[in-house]
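Sequences listed follow chains A and B, in order.
Under our numbering, the first residue of the first sequence carries the number 32, and numbering increases by one thereafter.
Under our numbering, the first residue of the second sequence carries the number 3, and numbering increases by one thereafter.
Any given hint could be a false lead.
[Said to hold, decoys possible] Computed list of lysine-lysine pairs in DSSO-like fashion (alpha-carbon distance at most 27 Å, straight line):
(1) 100(A) with 317(A)
(2) 100(A) with 257(A)
(3) 584(A) with 626(A)
(4) 328(A) with 282(A)
(5) 153(A) with 100(A)
(6) 328(A) with 445(A)
(7) 144(A) with 314(B)
(8) 257(A) with 353(B)
(9) 10(B) with 36(A)
(10) 133(B) with 36(A)
(11) 162(B) with 47(B)
(12) 425(A) with 461(A)
(13) 103(B) with 47(B)
(14) 233(A) with 100(A)
(15) 36(A) with 409(B)
(16) 408(B) with 36(A)
(17) 353(B) with 65(A)
(18) 9(B) with 408(B)
(19) 465(A) with 413(A)
(20) 9(B) with 409(B)
(21) 103(B) with 162(B)
These aren't lab readings, by the way, just hints derived from the structure by calculation.
Computed from a prediction, not measured in an experiment: that's the story for all the values here.
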Amino acid sequence: MDPFKNRRGIVVTAIVIVFGVIAFRLFQVQILDKEYRVTAENNALKYETIYPARGRILDRNGKVIVDNKLSYDIMVTPYDVQPFDTAAFCRIFDLDTAFVHEKFREYRLYRRKIGYQSLVFKRQVTSEQYNMFIEKSFLFPGFSGVPRTTRTYPFNAGGNLLGYISEVDAAFIKDHPEYRSGDYVGKTGMEEAYEPLLRGEKGYSIYLRDAHNRIKQRYRDGEYDKTAVPGVDVTTTIDGALQAYGEQLMKNKVGSLVAIEPATGEILTMVSSPGIDVEQLSDISKYYRQLVNDPYKPMYNRAVMSPQPPGSVFKLVNGLIGLQEGVLTPNTMYGCQHGYVVGGLRVGCHGHPSPINLYQSIMMSCNAYYCYVFRSILDNPKYGSVQEGFERWKQYTESFGFGRRLETDIPGEKAGTMPSAERYDRLHGKGRWKSLSIISLSIGQGEIGCTPLHLANLAATIANRGWFYTPHLQKDTPACPVDERFKERHYTMVDTTHFADIVQGMELAINYTGGGATATIARIPGVIACGKTGTAQNPHGDDHSVFITFAPKDDPKIAVVAYVENGGFGATWAAPIASLLVEKYLNGTIAPERKALEQRVFDGNLLHKVKVRK
Amino acid sequence: MPELNYKKLDWVITGLYLLLVVFGWMNIFSSSVSEDGFVFSFKEKYVMDLVWIASALAIAVLILFVIPSRVYPAISWPFYGLMVLLLVAVAFVGVEVNGSKSWFALGPFRLQPAEFSKIATAILLAQLMSKYEFRFTNARDALRIAIVLAVPILAILLEKETGSALVYLGFLLVCYREGMTGWLLVLGLLAILFFILTLVFSPFTAIVVLTALVGVAAGFYRRRPVTGTLVTAVVVLLLAFLPRLAQIPALDFLGRFEPEIWAALLTGTTAAVLAAVEWFRHRPQIRNLMMGFLLGLILIFSVEFVFEKVLKDHQRARIEVLLGIREDPMGVGYNVHQSLVAIGSGGLAGKGFLGGTQTRFDFVPEQSTDFIFCTIGEEWGFLGTLAVLAVYFTLIVRLVASAERKKDSFVRIYGWCVAACLLMHVVINISMTIGLMPVIGIPLPLLSYGGSSLWAFTILLFIYLRLDMEEKSY
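Using the sequences and the hints given, assemble the complete structure.
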């Protein structure tokens, strides 16, 4: 009767297949594919970041040297903006109208993407600007301000040392996925070194939002919210006042001034000149280009990044090695007739009495004396060859920290250079060099490069009579203990007993009144300081002026190096600068008879002597 | 007139109906309620929906117990005529919603005649096909059915309401059940297949596939499947080498080399010759096959024209998104992308009633109407969507089974029509939300918000239940 009865089965089969396909697709979408769940969360959950206050930086006396201050970011919700008085707006924030137009051109371009979101229009406006804006904010619908902490610097000191913070960029986020766009990170100096302590932990509130990016409600009544943990205050070893004084002394000079407390290895002062003014630090994005293009490279921390020949200061090391090796006694006498002459080679020297002993050699900084000492170390028959002797000598210098990184907590620290036997093999032919070939090393010239920090560490080591703590910037506090490596004494390979003789010579260099002493200018009333001048020849112009010193002689409190590029003799600039710093630290004031010297230093301008690529 | 026996009411179908309506209201509530919770105001969709549900239930009671069933065959023509009139009228005087002019505005109420014209069409189809002498092989009968289907479809297309028009194709299933040749459905599916093949790959690929298909089919008709397949394989391989010819410099004089043109010329000529030969030999099967092949070629070459010129921009874009030709999750693909995200984020058990974030916070557009399935997917999870699927499946299959038991072919055909309408709506709507079909805006029966749709499906279903109640089954 019904010839097509069987077609019901076909149709029902088709229905089963279609429903089966749908069910499978649902299984795929809802069970197998996890991606949709993630997208849904990104869609609906809005994490509103709560930024923690960044840790402050204190000096060794508890004075705040880096603080936080409230500033404001001006936000804009392009969707809500109505035509406004651009000129008035620009006057408030000191803006160019072109800037405003460019911004709004961008907003129009990405309006779909932006939707109802608010964006940062201008970062870090001052409270005054913000207040002006608030008064007139009814004129600018769609604009608002949000508070934001920025850095502020009560002392104008240590710009270079403190470093700056800036907003993370895309490249940085790629390497450090724990940061998000809009976060700030320490980029240089202490801000960089102590970033993990200073940054604190961000918190967040979770909100549910709708498709138009409007906040609807708190997610689960804040059950999963996280409160922000403020950053830890970091106490530095820096003496803020001394740092400021040091920067004053180094003004208009190119070089470094480093002071260490010998008993602890704590860095009291570290000046790299020219440096960054703290004004510039707090608004680094504004000055960044200017700083980078400055021919004197203010961003460059010379104290740890600029290896230079140490000059005569290095004679102290050679003297110590000679004493330890037994090739030199304090009474060893060498003659010097305006230099050291062997065959065609001549190492010149200035006019001074001859012959002299070890103390006098330090006091008068005799070149010839150390040529003899150096040769007797390297040519010591017990090592068989010059090369062996050299290797031994090199081990000594490394025990002082030369030619390697000291592993401080200062970012960007350089190792400097200590030549190797292989290097001389390449230079002169394998085994074809003698102690005479490398005689410059005896007076701290030639293929040797050490940073001012190395020299400051040498001063501290001599002050301690044979050991040092790795110099560091973080003060050990119960809340914030320093790394174990800063609590370990490092002894040099020279016995502590030999240091007394060298110290003796350094004392004479400053305090000998009988004539011939090189550093009498560094004499400080009421304090017995010890020091050694250096005049480092270099291919870039006038000699570099170098001076290391520590004081008082017994129980030293401070060890200082001053390295003034193209400053001439050690006694000309470096010795006054270093001794003034010591005097300020130990006495608190500068003696009246040294006021003139202080003024000369303040006024001194050596910038024109420094060759720079403009 | 037979005695009404209310115990014969199909309680399973009635129960499933109520289940869907109540579950629908819950999801509409969830997707439209604000943070303030339930507010009794007619501005709120979930309150309005209660009005629609109450009125729908009243209509159901009216149909079940008051209106005599014999009126339906009697009024089939006038009712159909009135509906077509309304469909045409609305295209001119209706209000425009989302780009289609398919609504009558009666004060605060809006009615969509396209929903109701399905009822009229179903009754008329049942009436026509249930006639004793009706045969699909009779050209007059077949033509009459074609016209009855085509008129509302064209009227609805006039309103730019493509989705609703598509639903009418569901009646072809009923026609098939009643004797229409199945080839029509097969050809329709093949046409869609080649349309997609041409779009996604290239006309050349489509021609090669078509050649292979026809070649193998011819082999089967000749009862030499192996030989046929081998010959086809050789031909297809030769065709596949055509694009290589373009690289031969000696052939440059032929002008710009278009492999699909050459392939069509070669195979088309062969097919035409074969068709002519077979015509004289009176072997209609191969002849028809070859004609089919030529039709296929025409289809393939018209795809580009149809796609670029006939379809609207948004339709073209939706198809491109579906076929993966274009990725645009923020633009045209936004709906589907957000819909998939909402459903996918539901997981196995869902986020719980009122727990959905995607559907409640407007990420999915039209979430209480066309995209209500997203709310179900997000809040009730895979278990919920599967349950809804199962309910629809049971409803449809039970309708078919019930209809098949009817002695009166009018009731049987009408039952099939109801099942077909439900099937088309359910499959198109759900497939669209899970990215199996392009976005076609039609409601999910009984679940979606919307008075017209709810009323229409209530009327459609309860007329059948009333007929079922009176009718003697086998």
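message: When the structure is checked against the list of hints, which entries are broken? Sort them ascending.
response: none
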